[in-house]
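**Student:** Model the full assembly from the supplied sequences, consistent with the hints where possible.
Per the numbering used here, the very first residue in the sequence shown carries number 4; after that it's consecutive.
Honestly, the hints are just simulated from the structure, not real lab data. Be aware that a few hints might be false.
[To be verified] Pairwise CB distance ranges, derived in the manner of DEER restraints:
(1) 299 / 87: 34 to 40 Å
(2) 122 / 230: 50 to 56 Å
(3) 270 / 150: 20 to 26 Å
(4) 129 / 232: 57 to 63 Å
(5) 213 / 131: 52 to 58 Å
C-beta: ideal position from N, C-alpha, C; glycine also.
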Amino acid sequence: MADTGVREEERSSVDSRPIAGQRKMNDDVGPEGTGADSAADVTTIDGKRNSSACLAECDGDSDGGGEEVTRLRILTADGPGFGIIRDMLESAAEAYYVRTDGAVEIDVVGADTLGRLDEEIVADARQRTSLYDGYVSNPRVVGSAALHDGFLDLTPHVLDDPTLDWLDVLLAFREVIGTFEGKILMVPLDGDVHSMYYRTDVLEEFGLAVPRTWDEYAQVARAVHGRFYKDRELIGSCVGREKSCGIGAYWANLVLASVTQTGGTGTGHMFDTKDLTPLAGEALVEAIRQLEEHVKYGAPDEFGGCGG
4 MADTGVREEE RSSVDSRPIA GQRKMNDDVG PEGTGADSAA DVTTIDGKRN SSACLAECDG
64 DSDGGGEEVT RLRILTADGP GFGIIRDMLE SAAEAYYVRT DGAVEIDVVG ADTLGRLDEE
124 IVADARQRTS LYDGYVSNPR VVGSAALHDG FLDLTPHVLD DPTLDWLDVL LAFREVIGTF
184 EGKILMVPLD GDVHSMYYRT DVLEEFGLAV PRTWDEYAQV ARAVHGRFYK DRELIGSCVG
244 REKSCGIGAY WANLVLASVT QTGGTGTGHM FDTKDLTPLA GEALVEAIRQ LEEHVKYGAP
304 DEFGGCGG
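**Tutor:** What follows is the structure, encoded as structure tokens:
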């Protein structure tokens with residue numbers, strides 16, 4: 004993709020996913036790791052990019068032999084695009100087996116779709132069958148599972164763990180994704196961060212200021228789009244919107260939220276949190292208008308790649 008006068012892109016990894024274990028889990032088997040900001044301001048735990056971890060309600064099995072072995076079953080998505088998550092888990096399971104001298108075995112079980120994964124988690128919580136000791140999942144399912152007391156309150160484990168720098172996790176992941184009804188139910192392992200990048204040299208060349216509103220963003224994109232700088236044609240707005248990237252939906256929500264969410268995250272961006280009144284109407288019309296401006300000054304292959 005060509006150089007940009009204003010470049011706005013998303014620094015993202017895999018969608019936000021939680022790992023869950025089950026309630027009466029032994030303290031010495033609990034998750035352990037450290038958090039540290041990466042270049043994209045995405046927190047890491049055990050060296051992995053930010054996703055979410057939660058614990059559910061049951062005990063791991065043991066073989067009852069002379070030397071007790073705790074066996075844990077972790078459920079995660081294993082369909083197209085999620086193999087990396089299962090590979091990550093299996094690698095971590097092998098490392099933990101070695102670390103505990105064989106005292107803990109972790110069996111990773113895969114669900115073929117995210118929808119199926121959600122169903123399995125909620126069913127396990129509702130029926131209290133305790134088929135699994137943990138989950139790696141999109142956090143959207145946590146509310147449904149928590150209503151059936153399906154996840155362990157991780158608050159004391161997280162806050163008392165000297166190796167887990169909880170305050171180093173981005174605020175939204177801690178207080179929105181990682182928390183339900185005041186309890187920490189998930190530890191973030193991976194997530195998306197939206198960032199805006201702009202070329203200061205290009206802005207200086209064309210006498211433009213850094214944009215601070217969507218209207219200004221469109222004005223700068225319009226001003227530099229198609230012009231040449233250092234023998235290269237400029238693209239005004241760089242956002243990859245190819246469907247499989249998932250960026251289009253994120254971007255649309257980002258623009259809409261900036262119009263509707265005038266009181267911060269507590270006010271909601273699609274519904275009024277007080278009475279669930281839809282916040283569409285004129286705000287949605289304005290968001291669509293802004294998105295149209297972005298496309299006008301985007302790359303020819305904007306809908307054919309993930310950008311970069």
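**Student:** Evaluate each hint against the coordinates.
**Tutor:** Okay, the hints, checked on the actual structure:
1. 299 / 87: 34 to 40 Å: holds (35 Å)
2. 122 / 230: 50 to 56 Å: holds (52 Å)
3. 270 / 150: 20 to 26 Å: Holds: the Cβ-Cβ distance is about 24 Å, inside 20 to 26 Å.
4. 129 / 232: 57 to 63 Å: holds (59 Å)
5. 213 / 131: 52 to 58 Å: The hinted range 52 to 58 Å holds for residue 213 and residue 131, with Cβ atoms some 55 Å apart.
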